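Chemist: So the protein sequences, as listed, match chains A and B.
Position 382 (the first sequence) corresponds to 382 in the numbering used here; numbering is contiguous.
Position 539 (the second sequence) corresponds to 539 in the numbering used here; numbering is contiguous.
The hints are simulated quantities; they were obtained by calculation from the structure and are not laboratory data.
It cannot be assumed that every hint is accurate.
The list cannot tell twin chains apart, which means a pair is met if one copy fits it or any two copies do.
To be verified - Listed next, the in silico DSSO-like pairs over lysine-lysine satisfying Cα-Cα at most 30 angstroms (straight line):
no., residue 1, residue 2
1, Lys165, Lys523
2, Lys246, Lys201
3, Lys296, Lys377
4, Lys377, Lys274
5, Lys461, Lys296
6, Lys274, Lys296
7, Lys264, Lys246
8, Lys523, Lys366
9, Lys400, Lys549
Values in this document were obtained by computation on a predicted structure and should not be read as measured data.
There are 2 protein chains.
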Amino acid sequence: MKIALAQLNYTINDIVGNTTKIEDAIQRARSMGAELVVFSELSVCGYPPHDFLESEEFIQRCNRAVEQIAKGCVGIHAIVGAPVLNLNPQGKLLYNAALLLGQGKVLSQHHKALLPTYDIFDEYRYFEPASTFEVAIVNGTRVAITVCEDLWDDQPVSRGFARGKLYNLSPMEMLAKQNPELVVNISASPFSWDVEQRRAKVFARHAMQHALPVVSVNQVGGNTDLIFDGASMAFAPNGSIAMRLKRFEEDIVLVDTNALAQQKAVEPAAANDKIALIHDALVMGVRDYFQKMGFKKATLGLSGGLDSAVTLAIAASALGSENIRVLLMPSQYSSQHSIDDAVGLAQNLNVKYDIVGIQPAFDALKSSLSPLFDGLKEDLTEENMQARVRGTLLMAISNKFGHLLLNTSNKSEAAVGYGTLYGDMNGALSVLGDVYKTDVFKLAWYINRTAEIIPVNTIVKPPSAELRPDQKDSDSLPEYDLLDSVLFRYIEEQKSVLQIISEGFDAATVKRIARLVNLNEYKRFQAPPFIRVSVKAFGFGRRMPLVAKYTN
Amino acid sequence: MKIALAQLNYTINDIVGNTTKIEDAIQRARSMGAELVVFSELSVCGYPPHDFLESEEFIQRCNRAVEQIAKGCVGIHAIVGAPVLNLNPQGKLLYNAALLLGQGKVLSQHHKALLPTYDIFDEYRYFEPASTFEVAIVNGTRVAITVCEDLWDDQPVSRGFARGKLYNLSPMEMLAKQNPELVVNISASPFSWDVEQRRAKVFARHAMQHALPVVSVNQVGGNTDLIFDGASMAFAPNGSIAMRLKRFEEDIVLVDTNALAQQKAVEPAAANDKIALIHDALVMGVRDYFQKMGFKKATLGLSGGLDSAVTLAIAASALGSENIRVLLMPSQYSSQHSIDDAVGLAQNLNVKYDIVGIQPAFDALKSSLSPLFDGLKEDLTEENMQARVRGTLLMAISNKFGHLLLNTSNKSEAAVGYGTLYGDMNGALSVLGDVYKTDVFKLAWYINRTAEIIPVNTIVKPPSAELRPDQKDSDSLPEYDLLDSVLFRYIEEQKSVLQIISEGFDAATVKRIARLVNLNEYKRFQAPPFIRVSVKAFGFGRRMPLVAKYTN
Numbered sequence: 001m002k003i004a005l006a007q008l009n010y011t012i013n014d015i016v017g018n019t020t021k022i023e024d025a026i027q028r029a030r031s032m033g034a035e036l037v038v039f040s041e042l043s044v045c046g047y048p049p050h051d052f053l054e055s056e057e058f059i060q061r062c063n064r065a066v067e068q069i070a071k072g073c074v075g076i077h078a079i080v081g082a083p084v085l086n087l088n089p090q091g092k093l094l095y096n097a098a099l100l101l102g103q104g105k106v107l108s109q110h111h112k113a114l115l116p117t118y119d120i121f122d123e124y125r126y127f128e129p130a131s132t133f134e135v136a137i138v139n140g141t142r143v144a145i146t147v148c149e150d151l152w153d154d155q156p157v158s159r160g161f162a163r164g165k166l167y168n169l170s171p172m173e174m175l176a177k178q179n180p181e182l183v184v185n186i187s188a189s190p191f192s193w194d195v196e197q198r199r200a201k202v203f204a205r206h207a208m209q210h211a212l213p214v215v216s217v218n219q220v221g222g223n224t225d226l227i228f229d230g231a232s233m234a235f236a237p238n239g240s241i242a243m244r245l246k247r248f249e250e251d252i253v254l255v256d257t258n259a260l261a262q263q264k265a266v267e268p269a270a271a272n273d274k275i276a277l278i279h280d281a282l283v284m285g286v287r288d289y290f291q292k293m294g295f296k297k298a299t300l301g302l303s304g305g306l307d308s309a310v311t312l313a314i315a316a317s318a319l320g321s322e323n324i325r326v327l328l329m330p331s332q333y334s335s336q337h338s339i340d341d342a343v344g345l346a347q348n349l350n351v352k353y354d355i356v357g358i359q360p361a362f363d364a365l366k367s368s369l370s371p372l373f374d375g376l377k378e379d380l381t382e383e384n385m386q387a388r389v390r391g392t393l394l395m396a397i398s399n400k401f402g403h404l405l406l407n408t409s410n411k412s413e414a415a416v417g418y419g420t421l422y423g424d425m426n427g428a429l430s431v432l433g434d435v436y437k438t439d440v441f442k443l444a445w446y447i448n449r450t451a452e453i454i455p456v457n458t459i460v461k462p463p464s465a466e467l468r469p470d471q472k473d474s475d476s477l478p479e480y481d482l483l484d485s486v487l488f489r490y491i492e493e494q495k496s497v498l499q500i501i502s503e504g505f506d507a508a509t510v511k512r513i514a515r516l517v518n519l520n521e522y523k524r525f526q527a528p529p530f531i532r533v534s535v536k537a538f539g540f541g542r543r544m545p546l547v548a549k550y551t552n
Numbered sequence: 001m002k003i004a005l006a007q008l009n010y011t012i013n014d015i016v017g018n019t020t021k022i023e024d025a026i027q028r029a030r031s032m033g034a035e036l037v038v039f040s041e042l043s044v045c046g047y048p049p050h051d052f053l054e055s056e057e058f059i060q061r062c063n064r065a066v067e068q069i070a071k072g073c074v075g076i077h078a079i080v081g082a083p084v085l086n087l088n089p090q091g092k093l094l095y096n097a098a099l100l101l102g103q104g105k106v107l108s109q110h111h112k113a114l115l116p117t118y119d120i121f122d123e124y125r126y127f128e129p130a131s132t133f134e135v136a137i138v139n140g141t142r143v144a145i146t147v148c149e150d151l152w153d154d155q156p157v158s159r160g161f162a163r164g165k166l167y168n169l170s171p172m173e174m175l176a177k178q179n180p181e182l183v184v185n186i187s188a189s190p191f192s193w194d195v196e197q198r199r200a201k202v203f204a205r206h207a208m209q210h211a212l213p214v215v216s217v218n219q220v221g222g223n224t225d226l227i228f229d230g231a232s233m234a235f236a237p238n239g240s241i242a243m244r245l246k247r248f249e250e251d252i253v254l255v256d257t258n259a260l261a262q263q264k265a266v267e268p269a270a271a272n273d274k275i276a277l278i279h280d281a282l283v284m285g286v287r288d289y290f291q292k293m294g295f296k297k298a299t300l301g302l303s304g305g306l307d308s309a310v311t312l313a314i315a316a317s318a319l320g321s322e323n324i325r326v327l328l329m330p331s332q333y334s335s336q337h338s339i340d341d342a343v344g345l346a347q348n349l350n351v352k353y354d355i356v357g358i359q360p361a362f363d364a365l366k367s368s369l370s371p372l373f374d375g376l377k378e379d380l381t382e383e384n385m386q387a388r389v390r391g392t393l394l395m396a397i398s399n400k401f402g403h404l405l406l407n408t409s410n411k412s413e414a415a416v417g418y419g420t421l422y423g424d425m426n427g428a429l430s431v432l433g434d435v436y437k438t439d440v441f442k443l444a445w446y447i448n449r450t451a452e453i454i455p456v457n458t459i460v461k462p463p464s465a466e467l468r469p470d471q472k473d474s475d476s477l478p479e480y481d482l483l484d485s486v487l488f489r490y491i492e493e494q495k496s497v498l499q500i501i502s503e504g505f506d507a508a509t510v511k512r513i514a515r516l517v518n519l520n521e522y523k524r525f526q527a528p529p530f531i532r533v534s535v536k537a538f539g540f541g542r543r544m545p546l547v548a549k550y551t552n
């Protein structure tokens, strides 16, 4: 069958806009000669709609949009994703459905059975799992229509205390009994830098096991913290990838499912694509955050250090240099080379910058507090005050000129709380908050791959917050190589302190790092959304109690 | 049977501490003559443990604690709650279990079948639902042991687009077939000001339907945003409440299930208890946040207005006046009566206060920014700068002296974004963030019920942020009576704009309020945890996408 894979970028709750996109793609698929055009999971409303699903009016708008799209499906079939009512008087109110449209109407509903409810997923919050499965007939071909997780009944597992079989049934096994000739999967599978290989493995296994072509359409685009990378794929019955759609861009491609075995096999993204993938994901994440929020312009604080340099380069790619205005906010502890490096970067990127010192406001605050602080020596309080003056200046730019503030903290800092709440933790969006410092270095070299955009001095000098004389990050923290190795095991792999120590790490260091991670839940609770590029980002997908005994 | 209901205050992950509490209570129950002592849901680890449940080491510690507690159960039985492994190789890794302990060992496991996954609940994230049910035998009596939601198979529904029967089975109907003589329910049911009546209704229905006594033990204590009010209850077979344990306090009470029908019936909390209940809930919420975090001292900004006054009175009840130190931070726009009212309150409560002006820092910031802002008139930017100077001063007190900052915003403000991010939205915990302004007024009168603690002028004067000359809240917002009426329908009742207008509210006002709520998701995303006292609080239980089309 000739199938158009329509990988589109939806805005949540923009049902009118999403419908227009879908209708335009159906026209295009028709002109390409498609018999069937496939869209991604919950395409009509965008994924994840979260608690919009608790609004009756939202569900009604989705249903009306589906009916309108169906009217245009004459001489062509389409599969779209939408929430539909569960007509059974018991159970959750909704199903997460794939809807087969054709002959101007909804021909059949196919409900999702396996409802991911882990990490960033909350689907059982809204949906009743399907218990019946029916193969659809499209122009005489028997098609097994599945929704995302329904093909992930046995998942690759990346940590010890987890299992591949989270569910008690396998929708594809049920459908296979009805002799399908083709498998279609509609999905909204968020990006992490290693996800493409895992997806390919899961789909290839089903293709091989049932000796059937598998066509999977993924959502593309950024929705707050979540990046959907697209990279939709078509698999030949032997499990090879016959076609992979663009990453991080909308794409519509026609495949002939009878000819997939003749295609030259495509390889999924490899481990050494990691930094390029993260870069492109972050650019899309920033771009879509602004576009979908209706903003064009950004600001950030440029310190001359690595994190703000990489954030600025990514923001410039996403929004255009002309839409960015940065502040340099030196203190008495800032080195001249930091100022020079920051100016150099702003000039390289052709970004407007201003230099606003923090000393007058810092002095005024200290003087106002001097009757209360009399006789006490300076400590972290004064360091935080400097960071908060900077945060206040940046928010003033944001308020006065309508520039959204980008946060420049990285994942290593967010993990151990090396940052000032209401200071450098300010921002509408955290660009690097899911990127460890060691990878931020690699991102900087990647950004410089063809020219020196980020001054090399920014990359090679020892990291410092410059909040007291001769301060270095390594005064307070382990070296980043060590820190990030321990953090990866603790956060991504969810290993216990004892397990990490048993791998040969110094016990005191591991305990100290774990303690810092635990004691800083309160800071992360108030942090901006972190664009997610790993399998375990801080934020919605990692739900630790704020108040708990953390000192066992 | 003689049953001790042990309603205790657990700390999440303090498995050693919780175990000691449980063992002490077993001793006490024994001395009271109990045959069985019942603890609350997940008592061994505290509820909600969130992603601790993904840690193997955490589960192992829970299991060891259960074994230790069981060893002490000789001559007495106990029912405790703990996560246990699902030994089936498919499905989620854990069950949420009630464990019957006796004869020095675990006699039987009773798994939860109905896993609440809505509002603040995430149970299907971790647990496999039970599919088999077995009545337990305790000293010859057949006991139906149920875990919380298992008795909520048909729930009272408070909004239109929702249903009472969220599940496809009724555990109690299955257990009833095995002729139990008694129903035990262990629960962790969070407080909202109207929950007690709903609980009573649900349990009474089961008591009557099966003509059995029902004994339910609830958790007590504050865990970050969630308040567990205790108020455990025992029901006679006719559905009357024979016994209700204390609200907001630990309590252990012995009941004779054969004599419940002879007890004088207790009434559940009534609608006119609302303000007193909210007050006591907030006091416990503040107290437990500090105790469980290991802090004693608090600070806040006292403006002379209503919200900070009520917050301070609650904090003083929770922590003691001697542990609080407040700042008065007048600006050029602050009225003398505000300063007088603030001083009066601090003196009434015997709380240490300092006056620190914001003008010097505000002037320094303005002067630093003047080259950039030259020729532009003052606007919201300058109002926010004042709020951020105050936030910075308060955080300096917090940093220097180790006082946690309490946030003083109310729910009406949080809803419409009437507050400055990184300014007056600062704080470790939002005390009033789930209390509408109209109820904050009532809380103030309640606090003054025996003496004028809060100066009456603070309560009766028109609310103002005092960030520009003669500013009143009503310049920017509808009057609070109207605002809160619309907000309650939009937030708690989840009604659509059209539904609210159809109730007779002005269309433009309703649309404006809904728009403000929607456009301020980004602010609430970075707000402190809000102590939850309503059925729908901002925060974890209300998950709206940050980036979405909100302007339909």
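Chemist: Evaluate Lys400 and Lys549 at a C-alpha cut-off of 30 angstroms and name the case that applies: within, between, both or neither.
Modeler: Between copies only: 24 angstroms across chains, 43 angstroms inside a chain, cut-off 30 angstroms.
Chemist: With 30 angstroms as the alpha-carbon cut-off, assign the pair Lys377 and Lys274 to within, between, both or neither.
Modeler: Classified as neither: same-chain Cα gap 46 angstroms, cross-chain 48 angstroms, threshold 30 angstroms.
Chemist: Measure nothing new, just compare the shortest in-copy and cross-copy C-alpha distances for Lys246 and Lys201 to 30 angstroms and report within, between, both or neither.
Modeler: within (19 angstroms within a copy, 56 angstroms between copies)
Chemist: Using 30 angstroms as the alpha carbon limit, work out where Lys264 and Lys246 are close: within a copy, between copies, both or neither.
Modeler: Answer is within: at 17 angstroms inside a copy they meet the 30 angstroms cutoff, but 72 angstroms across does not.
Chemist: At 30 angstroms max between alpha carbons, let me know whether Lys461 reaches Lys296 within a copy, between copies, both or neither.
Modeler: Neither: 33 angstroms inside a copy, 42 angstroms across copies.
Chemist: Could you place Lys296 and Lys377 in one of the four classes (within, between, both, neither) given a Cα distance threshold of 30 angstroms?
Modeler: Intra 44 angstroms, inter 23 angstroms, cutoff 30 angstroms: inter-copy only.
Chemist: Evaluate Lys274 and Lys296 at a C-alpha cut-off of 30 angstroms and name the case that applies: within, between, both or neither.
Modeler: Answer is within; shortest intra-copy Cα gap is 28 angstroms, inter-copy 46 angstroms.
Chemist: Given a CA cutoff of 30 angstroms, do Lys165 and Lys523 count as a within-copy pair, a between-copy pair, both, or neither?
Modeler: Intra 35 angstroms, inter 39 angstroms, cutoff 30 angstroms: neither.
Chemist: If the cut is 30 angstroms between Cα atoms, do Lys523 and Lys366 qualify within a copy, between copies, both or neither?
Modeler: both (24 angstroms within a copy, 28 angstroms between copies)
Taken one by one, the earlier hints fail for this structure at numbers 1, 4 and 5, listed in ascending order.
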